[in-house]
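Colleague: Sequence:
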Amino acid sequence: MQPSEAAFVAGSGYDMFGTSKVGLRTYWHNRVGLTLPEGAAQPELESARLEAALPWLQRFNAA
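In terms of numbering that gives the first Met the number 0, the sequence shown is residues 0 to 62.
Since the hints were derived computationally from the structure, they do not count as laboratory data.
Heads up, some of the hints might be wrong.
To be verified - Across the chosen pairs, the derived CB separations fall in these ranges:
| hint | residue 1 | residue 2 | range |
| --- | --- | --- | --- |
| 1 | E37 | Q57 | 28 to 34 Å |
| 2 | Q1 | A47 | 27 to 33 Å |
| 3 | S19 | L49 | 18 to 24 Å |
| 4 | G32 | P54 | 29 to 35 Å |
| 5 | L53 | V31 | 29 to 35 Å |
| 6 | G32 | E4 | 28 to 34 Å |
| 7 | A5 | R48 | 29 to 35 Å |
| 8 | L53 | G32 | 29 to 35 Å |
| 9 | F16 | A47 | 17 to 23 Å |
| 10 | L53 | M0 | 26 to 32 Å |
| 11 | A5 | R30 | 30 to 36 Å |
| 12 | G38 | P2 | 26 to 32 Å |
What the hints assert, rightly or not - Straight line, CA to CA, 25 Å or less: simulated SDA-like cross-link-like pairs of lysine to any residue:
| hint | residue 1 | residue 2 |
| --- | --- | --- |
| 13 | K20 | A47 |
| 14 | K20 | A39 |
| 15 | K20 | A52 |
| 16 | K20 | M0 |
| 17 | K20 | Q1 |
| 18 | K20 | Q41 |
| 19 | K20 | E43 |
| 20 | K20 | T34 |
| 21 | K20 | G38 |
| 22 | K20 | E45 |
| 23 | K20 | S3 |
| 24 | K20 | P36 |
| 25 | K20 | P2 |
| 26 | K20 | A5 |
| 27 | K20 | A40 |
| 28 | K20 | G32 |
| 29 | K20 | L33 |
| 30 | K20 | L44 |
| 31 | K20 | V8 |
| 32 | K20 | R30 |
| 33 | K20 | S46 |
| 34 | K20 | Q57 |
Every residue, glycine too, gets a C-beta built ideally from N, C-alpha and C.
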């Protein structure tokens, strides 16, 4: 499986350091509203609610 075929739901802003390095699309479940750590890549989507991840994930194979 290629990184472009996978996604990662992050629980920490620090996860962005690893996911960006390997090319994973990343959703940050930032439930407490933390700021992104300095130097971390922006997630593709960020939300305090995990429910928002489902529509994001469903778009991947819509083509």
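Colleague: Going straight from one Cα to the other, do K20 and A40 come out at no more than 25 Å?
Modeller: At roughly 9 Å apart (the allowed maximum being 25 Å), A40 and K20 satisfy the hint.
Colleague: Decide if the proposed pair is consistent with the structure: K20 and R30, CA atoms, cutoff 25 Å inclusive.
Modeller: With Cα atoms ~24 Å apart, K20 and R30 stay inside 25 Å; holds.
Colleague: Assess, step by step, whether the Cα of K20 is no farther than 25 Å from the Cα of E43, and give holds or violated.
Modeller: Holds: K20 and E43 sit about 14 Å apart, inside 25 Å.
Colleague: Using the beta carbons of A5 and R30, state whether their distance is inside 30 to 36 Å or not.
Modeller: Violated - the Cβ-Cβ distance for A5 and R30, about 22 Å, lies outside 30 to 36 Å.
Colleague: So if I understand the rule, the pair passes when the alpha-carbon distance is 25 Å or less; does K20 with V8 pass?
Modeller: holds, 15 Å
Colleague: Hint says 26 to 32 Å; check whether the CB-CB distance for G38 and P2 agrees.
Modeller: violated, 20 Å
Colleague: Given the hint of 29 to 35 Å, check if A5 and R48 actually sit that far apart at their C-beta atoms.
Modeller: violated, 22 Å
Colleague: What's the verdict on K20 and S46, does the C-alpha distance respect the 25 Å limit or exceed it?
Modeller: holds, 22 Å
Colleague: Is it true that the CA of K20 sits at most 25 Å from the CA of E45?
Modeller: holds, 18 Å
Colleague: Starting from the range 28 to 34 Å, see whether the pair G32 and E4 falls in it by beta-carbon distance.
Modeller: holds, 31 Å
Colleague: Could you grab the alpha-carbon distance between K20 and Q41 and see if it respects the 25 Å cut-off?
Modeller: holds, 12 Å
Colleague: Check the hint pairing K20 with Q57 against an upper bound of 25 Å on the C-alpha distance.
Modeller: Holds - the C-alpha atoms of Q57 and K20 are around 24 Å apart, at most 25 Å.
In the structure shown, a violation is registered for the earlier hints numbered 4, 5, 7, 8, 10, 11, 12, in ascending order.
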